Amino acid sequence: MGSEMDTTSLSDTGRRLERARHAERFRTATAPARRLLEKYSTIDWNAPQEFPTFRTHNRLLLDAARKNKVIKREVYNGYRTFTQNGAVIGGFHQLTTSLTSDLAKSAMASRPLVKAHLEAMGLPTPVGRTFAPEETEAGARFFRGLSGPVTVTPSVGPRGGGVSEGIEEESALYPAWEFAQTEHKLKTAHSPGIHLEQREPGLDIRVYVVGETVISALAQLPLFIVGDGSSTVGVLAGAAVDGRSRNSYLAQTPPDVSAESLSELGLDAGEVLAAGDIHDISGTSDPAAGGMTLDVTAKLGRSLRQLAVDALWALPGLRAGGVDLRVADLTHGAEAVVTDINDAADMALHRYPAFGSWHAPAAHIINQMLIASKV
32 MGSEMDTTSL
42 SDTGRRLERA
52 RHAERFRTAT
62 APARRLLEKY
72 STIDWNAPQE
82 FPTFRTHNRL
92 LLDAARKNKV
102 IKREVYNGYR
112 TFTQNGAVIG
122 GFHQLTTSLT
132 SDLAKSAMAS
142 RPLVKAHLEA
152 MGLPTPVGRT
162 FAPEETEAGA
172 RFFRGLSGPV
182 TVTPSVGPRG
192 GGVSEGIEEE
202 SALYPAWEFA
212 QTEHKLKTAH
222 SPGIHLEQRE
232 PGLDIRVYVV
242 GETVISALAQ
252 LPLFIVGDGS
262 STVGVLAGAA
272 VDGRSRNSYL
282 AQTPPDVSAE
292 SLSELGLDAG
302 EVLAAGDIHD
312 ISGTSDPAAG
322 GMTLDVTAKL
332 GRSLRQLAVD
342 ALWALPGLRA
352 GGVDLRVADL
362 THGAEAVVTD
372 INDAADMALH
382 RYPAFGSWHA
392 PAAHIINQML
402 IASKV
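Quick note: the sequence shown uses my numbering, first residue 32, plus one each step.
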């Protein structure tokens with residue numbers, strides 16, 4: 032697709048276009064995220080929960096083990112086992128626990144393979160196909176055959192990076208393609224496949240499942256501002272970032288709200304917003320890149336809970352992890368789809384939400400290890 036400079040420029044265009052699309056979707060009052068805000072109208076969105084300190088994913092797991100009188104033993108180079116009464120009940124390495132089988136772990140290294148497992152169990156997941164990086168024309172032909180907006184993402188690697196959603200014009204496909212490839216190469220030093228899939232409308236929910244139980248469900252939202260009729264975009268954005276930073280977990284990944292960054296979202300830092308005007312200032316709902324989280328566990332309907340559990344169990348030997356759903360409504364599973372599964376989903380995300388109740392998957396993971404060790 033041209034020289035390295037050309038592809039780098041195209042990738043940056045893809046990044047900017049994705050941020051702009053995200054902000055544009057949030058401007059629409061009928062957008063799923065905006066409708067969710069209305070359901071939680073009693074929340075003061077200018078006052079996220081404050082957590083002066085936080086415990087990492089692994090520290091939360093170690094704390095839960097200690098409370099259950101489970102002993103942690105160092106094995107080698109980050110590999111750890113858990114023992115009780117002298118017997119090994121489980122263990123973990125990095126963010127993966129012994130509740131993930133080798134087969135499940137290898138499957139989750141490939142998004143297409145995850146989707147194949149979901150399809151094999153008859154679970155709803157967006158129609159998609161993966162292409163080699165050089166197969167841009169084949170990808171374009173597939174794109175033309177889909178109805179409605181399309182999502183472009185790396186087929187492997189860390190979740191979240193290089194994702195472009197809501198692509199409707201073929202001209203936007205090529206920058207998104209390069210964005211997916213470049214973002215992945217920055218993190219892994221090799222080119223991924225490029226995965227295209229139908230983008231189903233709805234709200235993105237991360238559900239943490241252990242065994243057959245939904246422990247927590249979080250809606251992912253952009254960091255946003257609400258006009259008051261007197262403050263400029265820049266002032267409101269600064270205050271929003273300050274509020275978010277008081278959650279020490281989210282403060283690790285602050286959004287860029289410089290005048291240049293805001294302009295990519297169609298905002299003028301010096302403009303005074305009318306009272307009640309709502310605008311996305313992060314260009315993403317990914318909490319690892321500046322987004323926010325809202326606990327919706329109590330409102331998650333029974334059919335959606337069952338879908339999340341079924342999705343986890345579609346991967347052989349997977350008994351704990353994050354399941355990503357896109358839902359039309361929190362109360363029922365109609366039109367809901369499973370977009371991803373991740374055994375290494377960060378538990379701290381659920382312990383330190385921006386809004387709503389916190390939950391502790393780690394305690395349930397240790398309990399599940401204890402149950403599994405007695406089978």
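Certain hints may be false.
[Stated by the list, open to error] When the alpha-carbon atoms are kept at most 30 Å apart in a straight line, the in silico DSS-like pairs for lysine-lysine are as follows:
no.: 1; residue 1: K405; residue 2: K103
no.: 2; residue 1: K70; residue 2: K98
no.: 3; residue 1: K136; residue 2: K405
no.: 4; residue 1: K100; residue 2: K136
no.: 5; residue 1: K103; residue 2: K136
no.: 6; residue 1: K330; residue 2: K100
no.: 7; residue 1: K70; residue 2: K405
no.: 8; residue 1: K405; residue 2: K98
[Said to hold, decoys possible] Estimated spans, in silico, between C-beta atoms of each pair:
no.: 9; residue 1: A171; residue 2: Q337; range: 34 to 44 Å
no.: 10; residue 1: G301; residue 2: I102; range: 19 to 29 Å
no.: 11; residue 1: E243; residue 2: A305; range: 45 to 55 Å
no.: 12; residue 1: E366; residue 2: G301; range: 34 to 44 Å
Hints are computed from structural coordinates only; laboratory data are not their basis.
Remember, it's a predicted structure, so these values are computed and weren't measured experimentally.
Beta carbons: idealized from backbone N, C-alpha and C, even for Gly.
How the hints compare with the structure:
no.	hint	verdict
1	K405 / K103	18 Å, holds
2	K70 / K98	37 Å, violated
3	K136 / K405	23 Å, holds
4	K100 / K136	28 Å, holds
5	K103 / K136	23 Å, holds
6	K330 / K100	33 Å, violated
7	K70 / K405	43 Å, violated
8	K405 / K98	19 Å, holds
9	A171 / Q337: 34 to 44 Å	38 Å, holds
10	G301 / I102: 19 to 29 Å	59 Å, violated
11	E243 / A305: 45 to 55 Å	48 Å, holds
12	E366 / G301: 34 to 44 Å	41 Å, holds
Checked against the numbered hints above, the structure breaks hints 2, 6, 7, 10 and satisfies the rest.
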